[in-house]
Amino acid sequence: MSITLKKVSHEYNPGTTFATFALKNLSLHIEDGEAVGIIGPTGSGKSTLLQHINGLLRPTEGELEVEGIHISREKQNLSELRKRVGLVFQYPEYQLFEETVEKDIAFGPTNLGLPPEEVDKRVQNAMERMGLDYASLHDRSPFEISGGQKRRVAIAGVLAMDPKVLMLDEPTAGLDPLGRRQLMETLRSLHREQKITLIVISHSMEEIAFLCERVLLLKDGELQLDKRVEEAFEDVAFMEENGMDVPVISRVMHELRQAGKPFVRNYSSVQEAAKAILKAAGHA
Amino acid sequence: MIRLENVTFTYMDDDFPAVDDVTLHIEEGSFVVLIGHNGSGKSTLARLLNALLIPTHGDVWVDNMNTKEEDNIWEIRKKVGMVFQNPDNQLVSTVVEEEVAFGPENLGVEPEQIEERITKSLEQVGMSSYRKHPPHMLSGGQKQRIAIAGVLAMEPRMIVFDESTAMLDPQGRKEVLETIKALKKKDMTILLITHFMEEAVFADRVLVMDDGKIVMDGSPKEIFSRTEELHSYQMEFPEVIDLANTLRSAGMNLTTDILERDQLVTELCRLL
Amino acid sequence: MLRDITVGQYYPGNSILHRLDPRTKLIGTFLFIIVIFMVKTSPQYLLLGLFVLLNVFLSKVPLRFIIRGLRSIVFILMFAFAINLFFTPGTPIFRLWRIRITHEGLRLAFTMMMRLVLLIMGTSLMTLTSSPIQLTDGIERLFSPLKRVGFPAHEVAMMMSIALRFIPTLLEETDKIMKAQMARGADFESGRLLQRARALVPLLVPLFIASFKRADDLANAMEARCYRGGRGRTRLHELRYSSRDFLAFLTLAFLTAGVYVLGII
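Chains as they are written, first to last, in our numbering: chain A, 1 to 284; chain B, 1001 to 1272; chain C, 2001 to 2265.
Heads up, some of the hints might be wrong.
To spell it out: a stretch of chain B is covered by chain A in this simulated footprint if at least three of its residues, at any positions, have a beta carbon under 8 Å from a beta carbon of chain A; those stretches are [as the list claims (entries may be wrong)]:
#, stretch
1, 1037-1044
2, 1049-1060
3, 1105-1116
4, 1232-1242
Computed beta-carbon distance windows for the label pairs [said to hold, decoys possible]:
#, chain 1, residue 1, chain 2, residue 2, range
5, C, V2074, A, S9, 50 to 58 Å
6, C, V2149, B, K1120, 14 to 22 Å
7, C, T2174, B, K1132, 24 to 32 Å
Pairs of lysine-lysine residues, derived as DSS-like cross-links and limited to a Cα-Cα distance of at most 25 Å, are as follows [to be verified]:
#, chain 1, residue 1, chain 2, residue 2
8, B, K1120, B, K1078
9, A, K75, C, K2179
10, C, K2213, A, K24
11, C, K2213, C, K2176
12, A, K150, C, K2060
13, C, K2179, A, K164
14, A, K83, C, K2179
15, C, K2040, A, K103
16, B, K1186, B, K1221
Please keep in mind that the hints were generated in silico from the structure rather than gathered at the bench.
We put the CB at the ideal spot given by N, CA and C, even for glycine.
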């Protein structure tokens, strides 16, 4: 199973003077088990793209095939799609509403019509996958736990639907440094160890470099770049032209190379960069 | 400018104080960055500075006025302005100029003078051409700049930024930071609360909070050289400093002055 | 659909109507509504119609913009027209099976429709040419004499303007939460009434919580900016009547006199 977009366009307010293209003629293919980062300036169509992949929005032109389900302009029942593709919105803790953490996470699987025992199993499993302790948290109110935990509960609520594809819109926005790093690590293990397909929107190139293998750059609804992460951060000038930055470590490497230092890559992680620099300095 | 003496604050239903016996002096014209994990008491501390909260124990002095005294409150809030986290939740008006006018109107400033203040403050944040626009149509960074203009129009001596960059995209964050740096040049006293460690390197002084206490206090250089300690308070390093520290501990002879990217690059060019 | 409603929308501009004191426009519109319900004859309607058109011209708001506002109430207009047309007793002029149209009915139907159209156009003109802030200011000032008997004129006006300010924010929020719950398999569209009502819980609870948070944030932000109610507050744009406003009242007086005269002859 995989995700394929064929010449997908989405126009807001078509036929009026306010008509604007949120997506323009977008074609792309995402294989099972990939981790894809979506970057681009605010208003470039990133969220609109995610909402198409899970059927919340329909293309005004073109078509998609997501996990074997065909999506076009016509109305159809998309509950099957929602099971397979989970979408976590920005600041998802604002969608919590139940009295207890357990009930809130159960909302999705219950909507799928699963038997109660299966729902219970899914809830426990999702909490475990998100690093939440079932015993101490399941009967707490979701409004009384810490901000980082709320975020995890909200993501667990989507994971409990057991999707093959997990899409997240700026998952770490507003978290503190530790919360940010821990969530990144959890998401990475979801992908690496449980083989879930990840599609992540982020403004932080460091996070993209940490989490993803492939990066898509959107600008004004058009796909500007579709590359492996390491390659994308090689072309600093191109990224800048499109209003994007590269991870700060990649930029350090880039500037060292421009100064004639013998490096072959713009490594983005501190460890890789340190290794390369130490080697060049003869400290290895 | 501001003195806190053994300040403790406990929220009504809580057993533990959110701010615990803090003594602190913030000097006129300084640029202070306050970091700390969520729930460490940063926002509570900020709200104590302009009498939005009154200490349970101890005293907060703003220019020798105690925030405890009811009569001082408005004078204190005029002196210590505050910009909050969510740009949507702090704008009261549907037109930019009315938004900026809100503070001066509350202070009873004469209309002609309000006009002047609007012009001046919008200029300072680079938003003059948006005077007649509705704020909700602007970008996050622009909204925050309008909020800053709204505070500037009250002619404060100090501005507290309570995670004002947390909800912005990189572009918006850059805009707000540039504005803050420009204000610093004009000798505004600034307290910036943030989760972005990169923002701390511009400060004159960095404070780290944990469990309601100020646990670290020093120049960015000092703070970021105390690796173990900073980690123990759940803080991370800006990656540039992290890289420099890693290289140094592996035996490379880097100076300890490195805070920003260009410094690291220059230093590495020298050594390689 | 919602976007088509021009009542309550502001059309920015700098026409003479935009520059009128909002109090003038509020009182003027109120008087105009009274006049509308006084008129009976076609010449009177013609006069009022011309008056509205003159104002549209003066406001520089495109006529089609106002017409578009009317379009959203076409159904109500038709309904009122039909009710009056078919159910008014009197001299029949047309009869088909059970359906009977009377002379009086036809007349009343037209009158009602004219009234509604004039009413909508008149009030739209007021809101189109005054920003929400001006209107709330106007209301505050008009009702401020009542402060003496304890009526919180300033607070009411402040609440109105904040409500107006937060409408777009809350609409956006609703849309977002709805989508987030739909992504978790929530269904807001099918089912019986009771099921549908229950389906709203996952939408309404987060919306309430978010609104309380916003209200709390806003209160803090307002207090931090020295807000302490209406006392001692100045205004950027102090309301002041000018010669324009007297001219406007004079015109209205002439209009009323004209309607009165036309009613006698």
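Now for the hints, and whether the structure bears them out:
no.: 1; hint: 1037-1044; result: holds (count 3)
no.: 2; hint: 1049-1060; result: violated (count 0)
no.: 3; hint: 1105-1116; result: violated (count 0)
no.: 4; hint: 1232-1242; result: holds (count 7)
no.: 5; hint: C:V2074 - A:S9: 50 to 58 Å; result: violated (33 Å)
no.: 6; hint: C:V2149 - B:K1120: 14 to 22 Å; result: violated (41 Å)
no.: 7; hint: C:T2174 - B:K1132: 24 to 32 Å; result: holds (28 Å)
no.: 8; hint: B:K1120 - B:K1078; result: holds (17 Å)
no.: 9; hint: A:K75 - C:K2179; result: holds (16 Å)
no.: 10; hint: C:K2213 - A:K24; result: violated (37 Å)
no.: 11; hint: C:K2213 - C:K2176; result: holds (16 Å)
no.: 12; hint: A:K150 - C:K2060; result: violated (52 Å)
no.: 13; hint: C:K2179 - A:K164; result: holds (20 Å)
no.: 14; hint: A:K83 - C:K2179; result: holds (15 Å)
no.: 15; hint: C:K2040 - A:K103; result: violated (64 Å)
no.: 16; hint: B:K1186 - B:K1221; result: holds (24 Å)
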